[in-house]
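We have chain A; now place chain B onto it with these hints.
Just so you know, the sequences run in chain order A and B.
In terms of the numbering used here, the first sequence opens at residue 1 and continues consecutively.
In terms of the numbering used here, the second sequence opens at residue 494 and continues consecutively.
Please note that the accuracy of each hint is not assured.
To be verified - Which residues of chain A face chain B? A few of them, derived with a C-beta cut under 8 Å, are: (1) I2; (2) N3; (3) L6; (4) I10; (5) F13; (6) L14; (7) I17; (8) L20; (9) F21; (10) I59; (11) T60; (12) L61; (13) H267.
Just so you know, these hints were derived from the structure itself, not from any lab.
Even for Gly, the Cβ is constructed at its ideal location relative to N, Cα and C.
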Amino acid sequence: MINLLLFPIIIPFLFAIVLLFFKERIVLQRVLAVVGLLAALAASLYLAHTVKQDGVQTITLGSWPAPFGITMVSDMFSALLVTTTIILTLLVVIYSFTSIGEAREHYFYYSAILFMITGVNGAFTTGDIFNMFVFFEVLLIASYVLIVLGGEKRQLRESIKYILINVVSSALFVITVAYLYSVVGTLNMADISVKIAEIGQPGIITVIAVLMLIVFGIKGSIFPLYFWLPGSYAAPPIPVLALFGALLTKVGVYAIMRTYTLFFVHHTDFTHGLLMVLAILTIIAGCIGALAYFDLKQIVIYNIVIAVGVILFGAAQMNESGLSGAVFYLIHDMLIKGALFFLIGIIIYVTGTSDLRKMGGLMKTHAPLGWFYLIAAFGLAGIPPLSGFIGKLLIVEGAFQADHIWGSIIILASSLVVLLSVIRIFIYAFWGEPQSLPATERKPYRQMMVPTIVLVVLTVLYGVGTEWLVPYMTDASNVLLQPSIYIDAVLKE
Amino acid sequence: MRTNDVILQTTTKVVFFIIFLFAIHIFFAGHYTPGGGFVGGLLTTGALVLLLLAFDLKTVQRALPFNFVIVIGIGLLLALGTAAGSIFFNVPFFTHAFDDFTLPLFGETSLHTAMLFDAGVYLVVVGSAMTIIQSIGGDA
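Bound conformation, chain A alone (with noise of 0.2 Å):
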């Protein structure tokens, strides 16, 4: 099967498309969006095992040689990715069936939710830049629909910013990749990674890298370009945001990382330093932001904002360590955002209200809800069984390898800061007086609840089994320590 990679990119199409035929019938959609989930869910843990067996998987589209046609590459890191992504929107779906309101599902939701994974999967597999703005745009477009839909008024007001910063960020994507296809001739990856290498990264290159680090921090939320995250995100409903919280911004980390390991590795002193003071002061933005607001969604918003800061902060010390950690990190995040996000919607759904100041007692009356979020922010945090203990510490033992002793006191001083901000809602919201709660049905709550306990379980066993995915995150840094692994794969003679 030569074209196994393409099947989770395929599938959600297919069914996306399928969708569309059956606007009215929402018992239908929702089986369908699930199946067609569970089919992508199959092939892409197929890929991930195939890929750990026979190395990277390579496809150019229409049988053409390789600089020529459209190249998609799946290594371990891309396939990781996939796998990830997939398991997530699986859950969101599933949430959504109670969460969303059929007025929603009316108008084309879960074929916008699957247009978007077709989009985020092609970022994460392809091997061809201008074919990455093509799926960035299908994601992005998707994700205007899903912002938008509703058509409330905060919806259409965020909405309208959102739009306008992705397409001022296009237009500059298109204008990077412009610049350099004029220097090095050639939009396959592999191929400009091997004709930097010849030419040596003269400026106009280290110019591009700064380019691309723009465009890609707009998408990924980077110090300071991070200013339309918080509004954006807080406008759609619950499970909208866990789906843009857990995998938008980090298809921009995705890009970064990629590039700035593939293509931009000859001045790493100046592209990976730049990339490193961004991160840290990512960090230190998203840990002000993420103790200064008393709303449940601002302050998981901001945690997204700190998480990419630590992804990039790991990535730039272009270590084993460092880039593994960053590996480790990058997946833990996407699950412990989608876990977090889930288990704030209920407590908005129970509460009726996303003010911290406004709640309180829910442990007495909601009290599995009460300990899995427990779980969820210790985890968030780094607490060591949990699945953010070992992505953290590899980070910080790469950064201190490469002497940036001031960085790692940071991430770590920031994993107080993490804790902080998610200790407060449990604080002000499981402990103390019960406030009156407006009435909600239990049935609901319940079936919203199946999802969340599976997403918190497991990212338990993601941090329990680390063990178990070493040899998987190994291989992934592995290919993005060594750019020959992925450039032989792509141009075998």
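Just chain B now, with coordinates in the frame of chain A:
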């Protein structure tokens, strides 16, 4: 009182078919000369928009009782199906096939599966452009 636009409507009835045939021509010519699914689709939409200008939305919807969202779906399925057909022959996705055939009316003709893909593009372009125009122009 509604103005009498008999000249506009009569001209439209003739011009519509000229534009539509030109669109079909552009669509089929795409492989060897400028043109293809995208322009062909836009020209077809242009012809339909002319109908919309000369008559009203209800008349056109009665004459062309398509749900254009379904047209988008069919177009996407056609494009994906053409590209995915290669999976069944275990060659890379998007590998096209072509050959020369002797057809009864056209004689020696080169047929290429890229044309089916283009037909998908054509339907998606027509479907999405018409969906945009109908939903902005309609009351609902």
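Evaluation of the interface hint that places T60/A against chain B, nearest CB under 8 Å: Interface hint status for T60/A: holds (6 Å vs cutoff 8 Å).
Chain B contact restraint on L20/A - CB to CB distance below 8 Å: holds, 4 Å
With a cut-off of 8 Å on the beta carbons, see whether I2/A makes it to chain B. holds, 6 Å
Chain B contact restraint for F13/A - C-beta distance below 8 Å: holds, 6 Å
Less than 8 Å between beta-carbons is the criterion; does I59/A satisfy it with respect to chain B? Hint holds; I59/A Cβ to chain B Cβ min 5 Å, cut 8 Å.
A closest beta-carbon separation below 8 Å is what the hint needs, so does N3/A meet it against chain B? holds, 5 Å
Grab the minimum C-beta distance from L14/A to chain B and call the hint holds if it beats 8 Å, violated otherwise. holds, 6 Å
With 8 Å as the cut and Cβ atoms as the points, is F21/A at the interface with chain B? holds, 5 Å
Do the numbers back the hint for L61/A, that is, is its least Cβ distance to chain B under 8 Å? holds, 4 Å
When the nearest CB of chain B is found for I17/A, is that gap smaller than 8 Å? holds, 4 Å
At a threshold of 8 Å, is the proposed contact between L6/A and chain B supported by beta-carbon distances? Given a least distance of 5 Å, the restraint on L6/A holds.
Less than 8 Å between beta-carbons is the criterion; does H267/A satisfy it with respect to chain B? Since chain B brings no Cβ nearer than about 36 Å to H267/A, farther than 8 Å, the hint is violated.
In summary, the one numbered hint that this structure violates is 13.
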